[in-house]
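Novice: Below, each chain spelled out in residue letters.
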Amino acid sequence: MTDQEAGRVDRVVMRDIRKRYGMVDALRGVTLRVGPGEVVGLVGDNAAGKSTLMKVLAGAVVPDSGEIVFDGRTVSFANPKDARELGIEMVYQDLALCDDIDVAGNLFLGREPRKAGGMLLDVRKMHADARRHLDALNIRIPLTDIPVGGLSGGQRQAVAIARAVTFGPKLLILDEPTAALAVAEVETVLELIKTVSAQGVSVILITHRLQDLFRVCDRLCVMYEGTLRADLDARSTSLERLVSEIVAHDAEEKEGGRR
Amino acid sequence: MTVTSQRVVTTRSARANAHIGRHAQTIAIAVVLVALLIFFAFSADRFATAGNLLNLMRQIAPTLIVATAMTFVISTSGIDLSVGSTVALSGSLLAIVLQHGWNPTVALLAILVLGALIGFVNGWFSSYQNIPPFIVTLAMLSIMRGTALRATEGYSTPIDGDLWIVQIGQGRIAGVPVPAILAVLVALVGWLVLTRTPFGRYVIGLGSNGESLRRTGVNTRKVGLTVYVLTGLAAAVAGVLIATRLSSGSSNAGSGFELEVITAVVLGGTSLFGGRASMLGTILGALTLGVIANGLVLLHVSPFYVQIVQGGILLLAIFSNSKVWAKFGAIRK
Numbered sequence: 001m002t003d004q005e006a007g008r009v010d011r012v013v014m015r016d017i018r019k020r021y022g023m024v025d026a027l028r029g030v031t032l033r034v035g036p037g038e039v040v041g042l043v044g045d046n047a048a049g050k051s052t053l054m055k056v057l058a059g060a061v062v063p064d065s066g067e068i069v070f071d072g073r074t075v076s077f078a079n080p081k082d083a084r085e086l087g088i089e090m091v092y093q094d095l096a097l098c099d100d101i102d103v104a105g106n107l108f109l110g111r112e113p114r115k116a117g118g119m120l121l122d123v124r125k126m127h128a129d130a131r132r133h134l135d136a137l138n139i140r141i142p143l144t145d146i147p148v149g150g151l152s153g154g155q156r157q158a159v160a161i162a163r164a165v166t167f168g169p170k171l172l173i174l175d176e177p178t179a180a181l182a183v184a185e186v187e188t189v190l191e192l193i194k195t196v197s198a199q200g201v202s203v204i205l206i207t208h209r210l211q212d213l214f215r216v217c218d219r220l221c222v223m224y225e226g227t228l229r230a231d232l233d234a235r236s237t238s239l240e241r242l243v244s245e246i247v248a249h250d251a252e253e254k255e256g257g258r259r
Numbered sequence: 001m002t003v004t005s006q007r008v009v010t011t012r013s014a015r016a017n018a019h020i021g022r023h024a025q026t027i028a029i030a031v032v033l034v035a036l037l038i039f040f041a042f043s044a045d046r047f048a049t050a051g052n053l054l055n056l057m058r059q060i061a062p063t064l065i066v067a068t069a070m071t072f073v074i075s076t077s078g079i080d081l082s083v084g085s086t087v088a089l090s091g092s093l094l095a096i097v098l099q100h101g102w103n104p105t106v107a108l109l110a111i112l113v114l115g116a117l118i119g120f121v122n123g124w125f126s127s128y129q130n131i132p133p134f135i136v137t138l139a140m141l142s143i144m145r146g147t148a149l150r151a152t153e154g155y156s157t158p159i160d161g162d163l164w165i166v167q168i169g170q171g172r173i174a175g176v177p178v179p180a181i182l183a184v185l186v187a188l189v190g191w192l193v194l195t196r197t198p199f200g201r202y203v204i205g206l207g208s209n210g211e212s213l214r215r216t217g218v219n220t221r222k223v224g225l226t227v228y229v230l231t232g233l234a235a236a237v238a239g240v241l242i243a244t245r246l247s248s249g250s251s252n253a254g255s256g257f258e259l260e261v262i263t264a265v266v267l268g269g270t271s272l273f274g275g276r277a278s279m280l281g282t283i284l285g286a287l288t289l290g291v292i293a294n295g296l297v298l299l300h301v302s303p304f305y306v307q308i309v310q311g312g313i314l315l316l317a318i319f320s321n322s323k324v325w326a327k328f329g330a331i332r333k
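Going down the list, the sequences are from chains A and B. Oh and the first sequence: position 164 is 164 in the UniProt record's numbering, straight run, nothing missing. Oh and the second sequence: position 279 is 279 in the UniProt record's numbering, straight run, nothing missing.
If you're looking for bench data, these hints aren't it; they were derived computationally from the structure. Do not take every clue at face value.
Stated by the list, open to error - Quick list of in silico lysine to any residue cross-link-like pairs, SDA-like style, CA-CA up to 25 Å:
(1) Lys222/B x Val123/A
(2) Lys81/A x Phe199/B
(3) Lys115/A x Gly171/B
(4) Lys125/A x Asn219/B
(5) Lys81/A x Leu225/B
(6) Lys222/B x Ala78/A
Claimed, not checked - Heads up, incomplete: computed chain B residues facing chain A, CB under 8 Å, no partners named:
(7) Gln167
(8) Ile204
(9) Glu211
(10) Val218
Every residue gets a Cβ at the ideal spot worked out from N, C-alpha and C, and that includes glycine.
One chain only, chain A, in its complex shape (with noise of 0.2 Å):
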């Protein structure tokens, strides 16, 4: 994986990035790298910072040092809204959408299309766009005019993401986007994922599914205790090893997947 892109310019570096919560070390200098279109999985047990470097990436928490270059450029955020502006959505674990609010108008939350100078919402356009959106994304939701606490938790992870999506992002961040999704549920969520990163989004998806880590990522990342342990190619990269990276076993242990 050097050659291969060693002519594109990375959307994304992150070098050296340290965060100290009080006595605890969350990240001690962290390097990561996502090309464009690359979908990077980032694995780890639990406590290992990959919460916490990717809200650093998403401008939701300030490192206390280390360099983030997007597209070549040196940029520092102190708040979401920074990272949002240059293209960096997230979607969080706990699916950020207002259950009593429809697709629609889930979808644009914040940034209505308006009328009448601003005053109004244009709910006509609004649906329309939606509709639009859900389509060309391949996300089937019949109706946008429904309140997404009436949709399945599929359904639900899919409207967040394109909630992400819709705005034209470079780099998207996704949470844990499978951890309470039936089967079914999954395979939506991951062709949506494949739909993306085909139009030229960086995807980095934060699981603990690992078998769906090998269905839609180009590299694997795996941290361990505040630091990047593995870099791996997910094509090449065997399940048993990934698992031993994770537990930082380098031989024993071999048996199985943690889930």
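Using the hints, position chain B against chain A.
Specialist: Frame of chain A, contents of chain B only:
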């Protein structure tokens, strides 16, 4: 999620069912209102006269105006208990400053600004300092009532009937009382803002999932503060209406008013847990309370029963809201 909920979205008839489920309580209150109207029309002689119905509209105008604003507050899963005291304070101060010879227009504007300021204090503590609005507005209830009592020393202050300002409470346009016209306008604007503007959308979002709304970049604290400014302002308007109707400002005005307003809102199907709101329901709720109070008086029932009935209705409304109607809707709240 269950298989049932997945099926909900697949057909149009299911969508219709889901919508009916969400509005079950609003539909129910409309049915109750019609039943009450028929009942009182037959049992109380003077109930179904144009004069009485216009009078009824004038009576419920302050409730409807504040209930419109309260619908926003409750939709954010907040509550404003201070509106009754604000009614007393604004009515008393209006009478006092008029007695001191203030220009009525200036006095009116000053009272409205005062109401908005009271709401700002409520909103700042609740929204920016994350103190439960129940406690904040309960404290303000006490502070405002005390201030009104201190300002008036407990006496009613008369308002000169020759000033134009008394027309706000007593005037009629084409036979319709001004307070009724004002209340209908406020309710219409409230409905428009709640259902058709980004602000209304954010109010619902704040009550539904505030953290989600915040992450989309909406200034949720500002939205949370604004709704209390609305109730403060509405309460000041109600105080002006009541004081000018009676030509007197009293520090005892509006006691128990907050209960009436909250009952109207909850009766209409707005969820106390936030996220679900019906402005039409609020209008129907306020009308229902007014019809009951008015009808019982016409039936020569002791006025003391009105309060008992109102409290009973509030309890019943909250019960049906959270236990009965919830089963019809696609959303468990």
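Novice: Against each hint, give a clear statement of whether it holds in the structure.
Specialist: Tested hints:
no.	hint	result
1	Lys222/B x Val123/A	holds (23 Å)
2	Lys81/A x Phe199/B	holds (19 Å)
3	Lys115/A x Gly171/B	violated (37 Å)
4	Lys125/A x Asn219/B	holds (24 Å)
5	Lys81/A x Leu225/B	holds (21 Å)
6	Lys222/B x Ala78/A	holds (20 Å)
7	Gln167	violated (31 Å)
8	Ile204	holds (6 Å)
9	Glu211	holds (7 Å)
10	Val218	holds (5 Å)
This entry does not satisfy hints 3 and 7, going by the numbered hints stated previously.
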